[in-house]
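2 protein chains.
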Amino acid sequence: MSDKRTEIAELGEFGLIDKIQANARVRSATTLKAIGDDAAVIKNDNSRLTLLSSDMLLEGVHFDLSYVPLHHLGYKSVAANVSDIAAMNGVPKQILVNVGLSNRFSVEAVEALYQGINAACESYNIDLVGGDTTSSASGLVLSVTIYGEVDEEKVAYRSGASKNQILCVSGDLGGALIGLQVLEREKEVFLTNPEMEPQLDDYQYIVQRQLKPEARMDIVHELAELQVVPTAMIDVSDGLASEIFHLCKHSEAGVRIYEDKLPIDKQTYDTAVEFKLDPITSVLNGGEDYELLFTISQDDFAKLEKHPDIHFIGEVLSKDDGASIVTKGGNSVPLQAQGWKHFNV
Amino acid sequence: MSDKRTEIAELGEFGLIDKIQANARVRSATTLKAIGDDAAVIKNDNSRLTLLSSDMLLEGVHFDLSYVPLHHLGYKSVAANVSDIAAMNGVPKQILVNVGLSNRFSVEAVEALYQGINAACESYNIDLVGGDTTSSASGLVLSVTIYGEVDEEKVAYRSGASKNQILCVSGDLGGALIGLQVLEREKEVFLTNPEMEPQLDDYQYIVQRQLKPEARMDIVHELAELQVVPTAMIDVSDGLASEIFHLCKHSEAGVRIYEDKLPIDKQTYDTAVEFKLDPITSVLNGGEDYELLFTISQDDFAKLEKHPDIHFIGEVLSKDDGASIVTKGGNSVPLQAQGWKHFNV
Numbered sequence: 001m002s003d004k005r006t007e008i009a010e011l012g013e014f015g016l017i018d019k020i021q022a023n024a025r026v027r028s029a030t031t032l033k034a035i036g037d038d039a040a041v042i043k044n045d046n047s048r049l050t051l052l053s054s055d056m057l058l059e060g061v062h063f064d065l066s067y068v069p070l071h072h073l074g075y076k077s078v079a080a081n082v083s084d085i086a087a088m089n090g091v092p093k094q095i096l097v098n099v100g101l102s103n104r105f106s107v108e109a110v111e112a113l114y115q116g117i118n119a120a121c122e123s124y125n126i127d128l129v130g131g132d133t134t135s136s137a138s139g140l141v142l143s144v145t146i147y148g149e150v151d152e153e154k155v156a157y158r159s160g161a162s163k164n165q166i167l168c169v170s171g172d173l174g175g176a177l178i179g180l181q182v183l184e185r186e187k188e189v190f191l192t193n194p195e196m197e198p199q200l201d202d203y204q205y206i207v208q209r210q211l212k213p214e215a216r217m218d219i220v221h222e223l224a225e226l227q228v229v230p231t232a233m234i235d236v237s238d239g240l241a242s243e244i245f246h247l248c249k250h251s252e253a254g255v256r257i258y259e260d261k262l263p264i265d266k267q268t269y270d271t272a273v274e275f276k277l278d279p280i281t282s283v284l285n286g287g288e289d290y291e292l293l294f295t296i297s298q299d300d301f302a303k304l305e306k307h308p309d310i311h312f313i314g315e316v317l318s319k320d321d322g323a324s325i326v327t328k329g330g331n332s333v334p335l336q337a338q339g340w341k342h343f344n345v
Numbered sequence: 001m002s003d004k005r006t007e008i009a010e011l012g013e014f015g016l017i018d019k020i021q022a023n024a025r026v027r028s029a030t031t032l033k034a035i036g037d038d039a040a041v042i043k044n045d046n047s048r049l050t051l052l053s054s055d056m057l058l059e060g061v062h063f064d065l066s067y068v069p070l071h072h073l074g075y076k077s078v079a080a081n082v083s084d085i086a087a088m089n090g091v092p093k094q095i096l097v098n099v100g101l102s103n104r105f106s107v108e109a110v111e112a113l114y115q116g117i118n119a120a121c122e123s124y125n126i127d128l129v130g131g132d133t134t135s136s137a138s139g140l141v142l143s144v145t146i147y148g149e150v151d152e153e154k155v156a157y158r159s160g161a162s163k164n165q166i167l168c169v170s171g172d173l174g175g176a177l178i179g180l181q182v183l184e185r186e187k188e189v190f191l192t193n194p195e196m197e198p199q200l201d202d203y204q205y206i207v208q209r210q211l212k213p214e215a216r217m218d219i220v221h222e223l224a225e226l227q228v229v230p231t232a233m234i235d236v237s238d239g240l241a242s243e244i245f246h247l248c249k250h251s252e253a254g255v256r257i258y259e260d261k262l263p264i265d266k267q268t269y270d271t272a273v274e275f276k277l278d279p280i281t282s283v284l285n286g287g288e289d290y291e292l293l294f295t296i297s298q299d300d301f302a303k304l305e306k307h308p309d310i311h312f313i314g315e316v317l318s319k320d321d322g323a324s325i326v327t328k329g330g331n332s333v334p335l336q337a338q339g340w341k342h343f344n345v
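Protein sequence lines correspond, in order, to chains A and B. All letters in the first sequence, in the order written, are residues 1 to 345 by the working numbering. All letters in the second sequence, in the order written, are residues 1 to 345 by the working numbering.
The hints are simulated quantities; they were obtained by calculation from the structure and are not laboratory data. None of the hints are false.
List time: in silico PhoX-like cross-link candidates among lysine-lysine, alpha-carbon distance up to 25 Å: (1) K266/B / K276/B; (2) K319/A / K163/A; (3) K328/A / K306/A; (4) K306/A / K154/A; (5) K187/B / K212/B; (6) K43/A / K154/B; (7) K154/A / K43/B; (8) K19/B / K319/B; (9) K43/A / K43/B.
Residues on chain B that point at chain A, a partial pick, calculated with CB under 10 Å: (10) K4; (11) E7; (12) Q21; (13) L52; (14) S143; (15) E149.
Yeah, the Cβ is synthetic: ideal placement off N, Cα and C, and Gly gets one too.
Modelling step: build the complete structure from the supplied sequences, incorporating the hints.
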């Protein structure tokens, strides 16, 4: 190691991943996709591909146990991984969970965490097959790895979008971010006056979006029933704009989206206004919604046109066109991504 | 969650795992082995089984960066996972690495870590296919998941040992533990007098055993060449005695081992004596040697008899016989396991 010291914040998370990826050689012919998509893709001796993905959640970075119940945390940690398999158009099968625990945590706390993990396994029909439990010097550490499968002709990489295809997104966006604002406000109120009961009744939908999001396996199954294979797909974990940039980069394409097509729930909209936040910025940059962003060929549009929960938000352009958003006023402006930064300066 | 608080130390790591396992339902017919062996075992549509295993390493719990170079840590984190695949008699194929980093770490530090990870991928012919990088509030967090394969008729569970079979172990034991004593002594010396150069020349083998252990894939390949399939196998990560108890428990068997058959390197022996530690206790309870402990049928003994690095340390008995060790003096005493406790009271 040289004496030079470069701060990780100078590279950023994606810069760091690029550096790691550049030094990782692929040796096995069965490794179809290594670092760089929602999941790794491995070829078996049959027509089903293996999907592998892993995420780590650290207390104080990714969650705050003062308002996140442990069973919700367990559920969400699994759902977030299932979402990565969904984003490959695959089906989740097994998970491994590594847990690090400081002595602040009791056996009952661990049981609550695993209640959530097991509930998610039940919801998504997957098996908890292993992992590691260990002590931690500081707080709770959760690392979940998921194994899934997809038919070879159905796998949806980030790289398949091409000109004139239609950009679609499931569900609605921004709710998880605004739900987090509500929870943080209630935490402040509680810290100031512990006698106060949290006021969450008016915010149930968005608080649920933050605390107990669902991976959109229903969309994956419906696409299969309708015989639609997305040309490219990614899940919205970091924010819509950020994910659009990933799709554009991997597909070497441009994108135009329309502000008036972006799906937002009324509760998200109203609460954003209450917090003096721009609702559209929340939709574009709010993370953790775990919806699916995907592209389809024009031929498949008729099959999805009447789907109540799939929204057609834009079209794929040439790479040179870049990524832009057409405002309600009809102006086209360049899209900007803030996303979720792990490594702040 | 009830108001009852049970300390995790009361249950211990294995008690905690039993509790987690008891609540985990297996839903998929392709999940042949979930929690409870060195790796999970998944059936594909062909004769090869999928193996999955995952480990987490936390700074201040599993490693001390004041004497563990980051590239060695990277190497060891992969080797430890490869060892779990070896313990199933399988071949490792791909890994995913999750890393949490506090701002103490520079890009150059991360590069050193990945140098070690990539060197291990090179040694064991595996691909780094994914993972997560994130910031951490405190120190370095490493979580490695490994994917491997094994022919259906070759998989070695912990549960296959039966009466009259022979208990074997590869390599030599106790070195990693005694190497750690040396490193900790040098750290103390350094803290007292930072001008002192570390004195490691006389301890190269055991320091290497601690800092850069190798998974015994060579033994797995040699067993295949000799057409020996172990009836049961486990890797020695927690200590020989502890692993013997795991084999006995899963196989519902007893074991008798012989003190004079236990393999110990001269440097391990001499240094243990220097530290006023009992060499045999180091062999029985020292962890992190990553050797393979396995059982074979009597019929296979002739094939392995002349192998220079496989030692025949005992025999499998009935469950009622329990686990015992015959001392050099000819006395039979019950075996006791200390192992590595993650959750101390």
